Structure formats: C-alpha cells, structure tokens
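**Q** The primary structure of each chain is shown beneath.
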Amino acid sequence: MADFSQKRFLVIDDQPLARDALRTIAQTVGAFAVEFASNYQDAIYRIRNNTPDIILCDYVLGEGRSGQQLLEELRRFNLLPDECIFMMVTGEQAYEQVVSAVELVPDDYIIKPFSPDKLLLRLERIVAKKNFFAAYYKEKRQQEYARALAILNAQRDSEAGRPYRFEILRQEAEVQLASGDAEAAEASYRNILDNYEFPWARAGVARSLHKQNRLTEARDEIERVVAGTPHFFDASDIKANICMAQGEHAEAQKVLDEVSKKTPRNYLRKRLLAEAATLNGDMETARAALADVVANDTMPGAVTTEDRLSLARSHIDKGDKISAEKVLVGLRDSEIMVLGLDGQASFAALLAISSVDKGKPRFAGLRPALLASELEPATRLDVMRAALSLTDNDLADRHAEHLMASPDAKKVFSAIRSQYALHGRENDFREIQRQVALKRIHHDDVPAAGPG
Amino acid sequence: MDKLLDILASGIHDAKNQMFVAESLIAATEAQHGIALGEARYAIEAAADRLSRTLAAYRLLRHSATPAVTPVIVSDLCAEVALAQKSHLARQNIELTVDCPLADEWPLDRDLVGDMLNNAVQNAGRFARRAVLLSARRDGDGLVLAVEDDGPGFASLPPAAGVGLTVAERLALLHVRQGRQGSLRLDNSSSLGGARFELRLP
Numbered sequence: 001m002a003d004f005s006q007k008r009f010l011v012i013d014d015q016p017l018a019r020d021a022l023r024t025i026a027q028t029v030g031a032f033a034v035e036f037a038s039n040y041q042d043a044i045y046r047i048r049n050n051t052p053d054i055i056l057c058d059y060v061l062g063e064g065r066s067g068q069q070l071l072e073e074l075r076r077f078n079l080l081p082d083e084c085i086f087m088m089v090t091g092e093q094a095y096e097q098v099v100s101a102v103e104l105v106p107d108d109y110i111i112k113p114f115s116p117d118k119l120l121l122r123l124e125r126i127v128a129k130k131n132f133f134a135a136y137y138k139e140k141r142q143q144e145y146a147r148a149l150a151i152l153n154a155q156r157d158s159e160a161g162r163p164y165r166f167e168i169l170r171q172e173a174e175v176q177l178a179s180g181d182a183e184a185a186e187a188s189y190r191n192i193l194d195n196y197e198f199p200w201a202r203a204g205v206a207r208s209l210h211k212q213n214r215l216t217e218a219r220d221e222i223e224r225v226v227a228g229t230p231h232f233f234d235a236s237d238i239k240a241n242i243c244m245a246q247g248e249h250a251e252a253q254k255v256l257d258e259v260s261k262k263t264p265r266n267y268l269r270k271r272l273l274a275e276a277a278t279l280n281g282d283m284e285t286a287r288a289a290l291a292d293v294v295a296n297d298t299m300p301g302a303v304t305t306e307d308r309l310s311l312a313r314s315h316i317d318k319g320d321k322i323s324a325e326k327v328l329v330g331l332r333d334s335e336i337m338v339l340g341l342d343g344q345a346s347f348a349a350l351l352a353i354s355s356v357d358k359g360k361p362r363f364a365g366l367r368p369a370l371l372a373s374e375l376e377p378a379t380r381l382d383v384m385r386a387a388l389s390l391t392d393n394d395l396a397d398r399h400a401e402h403l404m405a406s407p408d409a410k411k412v413f414s415a416i417r418s419q420y421a422l423h424g425r426e427n428d429f430r431e432i433q434r435q436v437a438l439k440r441i442h443h444d445d446v447p448a449a450g451p452g
Numbered sequence: 001m002d003k004l005l006d007i008l009a010s011g012i013h014d015a016k017n018q019m020f021v022a023e024s025l026i027a028a029t030e031a032q033h034g035i036a037l038g039e040a041r042y043a044i045e046a047a048a049d050r051l052s053r054t055l056a057a058y059r060l061l062r063h064s065a066t067p068a069v070t071p072v073i074v075s076d077l078c079a080e081v082a083l084a085q086k087s088h089l090a091r092q093n094i095e096l097t098v099d100c101p102l103a104d105e106w107p108l109d110r111d112l113v114g115d116m117l118n119n120a121v122q123n124a125g126r127f128a129r130r131a132v133l134l135s136a137r138r139d140g141d142g143l144v145l146a147v148e149d150d151g152p153g154f155a156s157l158p159p160a161a162g163v164g165l166t167v168a169e170r171l172a173l174l175h176v177r178q179g180r181q182g183s184l185r186l187d188n189s190s191s192l193g194g195a196r197f198e199l200r201l202p
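In order, the protein sequences belong to chains D and H. At position 165 of the first sequence the residue is numbered 165 (my numbering), and the sequence of numbers has no breaks. At position 115 of the second sequence the residue is numbered 115 (my numbering), and the sequence of numbers has no breaks.
Treat the hints as calculated values from the structure; they're not laboratory data. These numbers come from a predicted model, not from an experiment. Keep in mind that a hint or two might mislead.
Listed below are several chain D residues computed to face chain H (Cβ distance under 8 Å; list not exhaustive) [as the list claims (entries may be wrong)]:
1. L17
2. A18
3. T24
4. E92
5. Q97
6. S100
7. V102
8. R165
9. A187
10. R190
11. L193
12. Y196
Derived DSS-like pairs (lysine-lysine); straight-line CA-CA distance at most 25 Å [what the hints assert, rightly or not]:
13. D:K410 - D:K360
14. D:K262 - H:K3
15. D:K410 - D:K318
16. D:K138 - D:K118
17. H:K86 - D:K118
18. D:K410 - D:K254
19. D:K360 - D:K262
20. D:K261 - H:K3
21. D:K261 - D:K318
Glycine residues also receive a C-beta, built at the ideal position from the N, C-alpha and C atoms.
Next comes chain D alone, as it looks inside the complex (with noise of 0.2 Å):
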C-alpha cells in the first residue's frame, strides 16, 4: 500500500461544496495537506509556486476553461513534473471520450461519486506505475533519448511491463518523433494501430509523416482521425499545419476558425489561426487573432517577444503602419537583444517597412548577417519583404530564391509571389521560378517541393 500520510494534495474545483468534498475524500485517504484552487488563474499560480504531489482537478471550471486545457497549459509551461498525479474529477462520461481520442492524457480520470477507497485504487496504481516508468522519465527529461528508448526496449518484453504493452510503445514513439526520427516513430505508431484504432496513434502517424514531408499520406491519415473523432481538437490542429505545408491555406484558416469557436481561450490555437489567416490574405482576422493573445494569453511569459513581432507583421499585412510601428517601438531593448538573430532580422526588417526612418540603419548593420545566416522561413520572408521595399534587389532575390527551393515552398509561394507584384517585379519572380526549377532538375539533391 502506497502511503499518502506525508502527501500534499491540491483540490481544483470552481464549486465549493464539490470543493469540500474533494478535501474530505482526501483526508480521508490520509493526505498530509490539502490546498484549494477556485479557478484556473489560482490553480497555475499554486502549482508554480509550490508543486503539489497530487492533484485533483474538476473537468469544469468555470468561465470557458477546462481541467484539460489547464493540463495541456500545465505542460507546455512544463509545470508538471512526472511524480506529480494529476487526477481529473468529473461528474459525467463525456470526458472518458475526450481521453480516448487526444495524445495529452492526465495519470487518470474518476467518475463522481467514488468512495475513498476507490480513489485510494486508483492512486495507488498510479504510483506503481510511475515507479515502473521512473528511469526513463529520468532520461527522457534529460533529452537523452537513446538511453529512454534502450529502457523502453528492455521494458516491454518484461513480466513486470504486461500491464503497460500499450503505454511503452506510445512513450517509445513520443521519443522517436521527438528525437528526430519520424520513421521509426511511424512505424511505432502503426504498431499501435494494428492492435486497436486510437485516434491519438492515428494522429502520430499523421505527425510522423508530416515530418518526412509526405504530405498527401498525413492528409489522408489526419483526416480520418477528424472526421471520427470530432471533439478531439488538437487534432484539427495538426490538419491545419499539414494544409499549411501544403499551400491550401484557406482550408487551414476554416479548420482552425471552426476550432477556435469552440476553444475561445487556447491561445495556441489562436496563434496558428493567425498564420494561417496571414498565409490566406486574411490579414483582419490574423490581426484579431493576435490582438487577442496578446492581451488575454494571461500565463507569465507566455507572450513572447516572437508575438509581438507577430502582431506587428499583422498590422504591416493590413496597411496599419502606424499600430505596426507603435508595437515595435514599444518593446523594450532588453528584450530584443534576447532575441536570436531571427528574431532581430525580423524586428529589424519589420521595423524598416513600417518606419523607414527608424528602421533601415537597423536594417542595412545587420545586412552581412543575413546574406551569409541560415534563417527560418518567417524571417526570410520579413527580410525579403524589406527589402523589396527598400529596393535592395540582391538581398530580396536571394531570399525569394531560397525559401522557393525549400521544403517550406508551398507554404510561402502565394505570398512571395504577391510581394513581388506589390514592387512591380512580376517578371524577376517568375525568372527565380524559373532558376529554381532549372536547379532542381540539375540537382536531385535538392528537397522536392514546389508550388503546383
């Protein structure tokens, strides 16, 4: 028998009476302290402050948010560490649906009413599990993935791993796809699939092969996973940036505004409808979208310098030069010498087409640096834009040139091409076209991707 004498406990619940009775079963079953949270504000600020060892969350809490979206929260802050139980609470089955379908699961989920006792199973079998999976949540954390998968291989053949066959080969492809190596991470997936159909391994496969660039496949899986599966969202999430790779942009923006309604407050989400938005010429919702997270993505640091930047490029995509400029200006200099070199040759490209003036002296000192960098695909675009407006034609073509011979060219196309007729340069971008291609035939080493 685990013992919870020497536990504290967090109760996250919105109701007081379902509050006081989370605390009276958790006193019962021996907790050592139990510590409330009305709301999911509170509950953040609890679990940062002081990391609890067990946590019971209600499903429903109030105000539009979830005890699953507090979950995803929790961890994309990595606020949660593996011995920490998260257990959610709810009075009704529709939530069983919701952990049958999505990739990010809490420990386990009860059904109210339960008795001490059955909370005490469940607790229980929680702990004997984490303790079966300590080493390797050791090693994953440490980002030292040969070793996790060394451990996971060791495990799954083992007497002591029959009751976790299925969680061993979802942890060995979660490591797989996050060291890198989507193949592996496939087949993990479909081995998965061909003991049962879970959403969440149809996803991985969809996941898996969106990284290798095999984008019609990860569109077929994704798909069939949103068509079953509905109300598993994230997974709409991962169709709209396989659309987005793809260059059907306005498919994407219609995925994720059907989602967003549903989801108000996951500013995430709202970040990737701003993408998509900006990559289909809907720059008033790109704006919207970006306006809101960053007045109302209230977790600490979760508004990144990279957003701001964000919404300026929004304002810049709308004609407002003026509110682009205000955004720019307002950050602080701390926080863009922080930033990498993508973020500056953003700032400072952004900075040059809202406010020439105060803009191209930043601009033009960092104009080695961006002939001679390996920058992501965002920035060259800001870089190329730019340039096309302070007619440095060599600087803007190299770039152009660049992202067309990208794995990323579908996704940029549309809006490299609408730059270039913004300056009247029609014609040079049809020639880059042409230069491009005529290296691709030349070099069969070059990523296969282009726009068609």
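Based on these hints, arrange chain H on the given structure of chain D.
**A** Below, chain H alone, put in the same frame as chain D:
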C-alpha cells in the same frame, strides 16, 4: 446539438455532484466516529450508476454513440467491481469471488464495461444463494468477462430485457476491433449451477 440530451446530461451531472457531496459527508462521519456506513454509500453509488446508465441508454438508443476506448488493465477493472460490490453482497451472506489473473491491457470502454459488470454482479446477487463468481480470461484473440451465480438460473431464455440488458447488448456490439464485434450471452451454464452472464470483447 440535441437539446434534450444536453438537458438530461446537465441534470444528471448536477445530481451526481450532489451525491458526491453526500458520499463525502458520510465518509467523513465514518472516519470521525469510527463507524461503518458502507451501505449508505453503496446506495448513493448505486443510484448514481443508475442515472449514468439511463443517460447511456438514451445516448445508445437515440444517437450513434461511440464507446470511449482506452487500454485498460483487466485485473484492475475486475478489482474495481469487487471493491464496489463485495461488502454489499457479504451483508447478504453472498460471497463474491474474483478470478481475473489477466494483468494485460485490453482496449475497452472502462466506465461502460465497468458499469455493465457492476450491473451483472448486482443482478446475480439478487438470485444467488451463496456465491457469485466474476472471472476474466483470454479466449483466442478475444476477452471473456463472465459473471456466474449459484441461483436458480434464468426462468426463460432469452430473459426479458431491462434497461441494463438493453444497454449491455448495444455496448457489446459497439466494441469493434479489426472487423470483429463484441457480443453478449446469457444462459444457465454457470459453473456454480445458476445463471451466467458472458461479455465477449474483441
């Protein structure tokens, strides 16, 4: 969206929350005064199960419901049924024996299958003389969960279908794996001499 379903679900949700408050108060009283009020808690949980089952029945009969399948450790599932039913049966001098040596995970809807087994054990307890047996075993590529008793057996076969049975039958069929479907069988082939409830899952 089905308005009626939403209303029913939310009403049942609220009722179960209230029941949870009641159960926690009873549990606190038990701890405080060192008394056993397990039967009161059992009655509350049985009522809550009944509400859930009613909602599940509505979903299954009126909508194209899909089971929520997760990998479930079979011996754990049986242990939870035993935890819920054993002491209640013991008060009626009926011994519930559990024979579930399967430590493996099986893809199934834990709450709905658990409810089905609880219901089957309750039914068996109503007719048993002294013993009820809950067992789990692999049979080929399927899982067989059975509840048997030493009572008189079903008077007629197939037995008249109540809510629990109707739901159980639907649920069994909804468990589909690689083209194979679950099934339910009720007969008088109990190894204890009475009725036997058998749920087969692919």
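**Q** Please verify that hint: D:L193, Cβ, nearest Cβ of chain H, below 8 Å or not.
**A** Violated, about 10 Å.
**Q** Quick one, are D:K410 and D:K318 close enough, alpha carbons at most 25 Å?
**A** Cα-Cα ~23 Å, so holds.
**Q** Would you check the hint for H:K86 and D:K118, treating anything up to 25 Å between C-alpha atoms as holding?
**A** Satisfied, since the Cα-Cα distance of roughly 13 Å is no more than 25 Å.
**Q** Holds or violated: is there a CB of chain H closer than 8 Å to the CB of D:E92?
**A** 5 Å, holds
**Q** Tell me if D:V102 is really an interface residue toward chain H, meaning its C-beta lies closer than 8 Å to one of theirs.
**A** With Cβ-Cβ at 11 Å, over 8 Å, it is violated.
**Q** Assess, step by step, whether the Cα of D:K138 is no farther than 25 Å from the Cα of D:K118, and give holds or violated.
**A** 29 Å, violated
**Q** For the pair supplied as a hint, D:K261 and D:K318, confirm whether the alpha-carbon distance does not exceed 25 Å.
**A** At roughly 23 Å apart (the allowed maximum being 25 Å), D:K318 and D:K261 satisfy the hint.
**Q** Between D:K410 and D:K254, does the CA-CA distance stay at or below 25 Å?
**A** Satisfied, since the Cα-Cα distance of roughly 18 Å is no more than 25 Å.
**Q** Is it true that the CA of D:K360 sits at most 25 Å from the CA of D:K262?
**A** 43 Å, violated
**Q** Under 8 Å is the threshold here; is the Cβ of D:R190 close enough to any Cβ of chain H for the hint to stand?
**A** Cβ of D:R190 sits 14 Å from chain H, so the hint is violated.
**Q** Can the restraint linking D:K262 and H:K3 be considered satisfied, given a maximum Cα separation of 25 Å?
**A** 17 Å, holds
**Q** Against chain H, with CB atoms and a cut of 8 Å, does the hint on D:S100 hold up?
**A** 4 Å, holds
Going down the numbered hints, you'll see the structure goes against 7, 9, 10, 11, 13, 16 and 19, while the others check out.
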